[in-house]
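Colleague: If you want the building blocks of each chain, they are given just below.
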Amino acid sequence: NAGVTQTPKFQVLKTGQSMTLQCAQDMNHEYMSWYRQDPGMGLRLIHYSVGAGITDQGEVPNGYNVSRSTTEDFPLRLLSAAPSQTSVYFCASSQDRGVHNEQFFGPGTRLTVL
Amino acid sequence: EDQVTQSPEALRLQEGESSSLNCSYTVSGLRGLFWYRQDPGKGPEFLFTLYSAGEEKEKERLKATLTKKESFLHITAPKPEDSATYLCAVRTDKLIFGTGTRLQVFP
Chain A
2 NAGVTQTPKF
12 QVLKTGQSMT
22 LQCAQDMNHE
32 YMSWYRQDPG
42 MGLRLIHYSV
52 GAGITDQGEV
62 PNGYNVSRST
72 TEDFPLRLLS
82 AAPSQTSVYF
92 CASSQDRGVH
102 NEQFFGPGTR
112 LTVL
Chain B
13 EDQVTQSPEA
23 LRLQEGESSS
33 LNCSYTVSGL
43 RGLFWYRQDP
53 GKGPEFLFTL
63 YSAGEEKEKE
73 RLKATLTKKE
83 SFLHITAPKP
93 EDSATYLCAV
103 RTDKLIFGTG
113 TRLQVFP
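As you go down the protein sequences, you meet chains A and B in turn.
Residues in the first sequence are numbered from 2 upward in steps of one, following this note's numbering.
Residues in the second sequence are numbered from 13 upward in steps of one, following this note's numbering.
Bound conformation, chain A alone (with noise of 0.2 Å):
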């Protein structure tokens, strides 16, 4: 199994332009999300999804939009970049939303919005 998947690794974008951060496992797992991380800040939830059509906002969900598709894709959009959006952005699956259930996380992607 290849895990949680993320593409590209690092990108650089100038303010205004979108792009799409991309995001697949292959663990079957119905719950996924998308993290961004900031220097002395802790992982913070953008968008979730509990399944293939339904997804939801998390803590920092502005100029940021999901879809889901299928069970393994959960792509992030941004629509229109911004400096403040300049982070480490980091995709997670697991079984389900249960307590009991710990998050594989990606490899990371380093965006920075010139």
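Keep in mind that the hints were calculated from the coordinates and are not lab data.
There could be a bad hint or two in this list.
[Said to hold, decoys possible] Dumping the calculated SDA-like pairs for lysine to any residue here, alpha-carbon to alpha-carbon at most 20 Å:
| # | chain 1 | residue 1 | chain 2 | residue 2 |
| --- | --- | --- | --- | --- |
| 1 | B | K54 | A | P76 |
| 2 | B | K54 | A | S95 |
| 3 | B | K106 | A | H30 |
| 4 | B | K54 | A | L46 |
| 5 | B | K106 | A | V61 |
| 6 | A | K10 | A | P108 |
| 7 | B | K54 | A | L115 |
| 8 | B | K54 | A | N63 |
| 9 | B | K54 | A | G4 |
| 10 | B | K71 | A | N102 |
| 11 | B | K54 | A | T56 |
| 12 | A | K10 | B | P52 |
Please arrange chain B on chain A, whose structure you already have, making use of the hints.
Modeller: Relative to the frame of chain A, chain B by itself:
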């Protein structure tokens, strides 16, 4: 407001020098506490889940304990390969991460 605080922010140890990392929390309705390890340039890797005060879990040189207000990650006789950032996270109706402790173990 739910809060998770980890201390110290950074810790430097000599190989073999045991120590503890702290994760204190003030939340309503604790449903679980998680410890993760994060290596530079990588995503967090799951270590332990603790559910109730008094619970302990061990893995190699690591032992995690939980009280009603905090959790400790004890590292016994650490090796350089234990160098990483250790994150704790508390689950209520959401998952709240601490900012981590950056551990460096020198030979």
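Colleague: State for each hint whether it applies.
Modeller: Structure-based check of all given hints:
1. K54/B with P76/A: Within the cut-off at roughly 19 Å; holds.
2. K54/B with S95/A: holds (18 Å)
3. K106/B with H30/A: holds (18 Å)
4. K54/B with L46/A: holds (17 Å)
5. K106/B with V61/A: With a Cα-Cα distance of about 13 Å, the restraint between K106/B and V61/A holds, given a limit of 20 Å.
6. K10/A with P108/A: Measuring from Cα to Cα gives roughly 8 Å; hence the hint holds.
7. K54/B with L115/A: violated (23 Å)
8. K54/B with N63/A: Answer violated: K54/B to N63/A is near 25 Å, above 20 Å.
9. K54/B with G4/A: Distance of about 13 Å is within 20 Å: holds.
10. K71/B with N102/A: Holds: K71/B and N102/A sit about 18 Å apart, inside 20 Å.
11. K54/B with T56/A: With a Cα-Cα distance of about 25 Å, the restraint between K54/B and T56/A is violated, given a limit of 20 Å.
12. K10/A with P52/B: holds (13 Å)
In this structure, the hints that do not hold are numbers 7, 8 and 11, in rising order.
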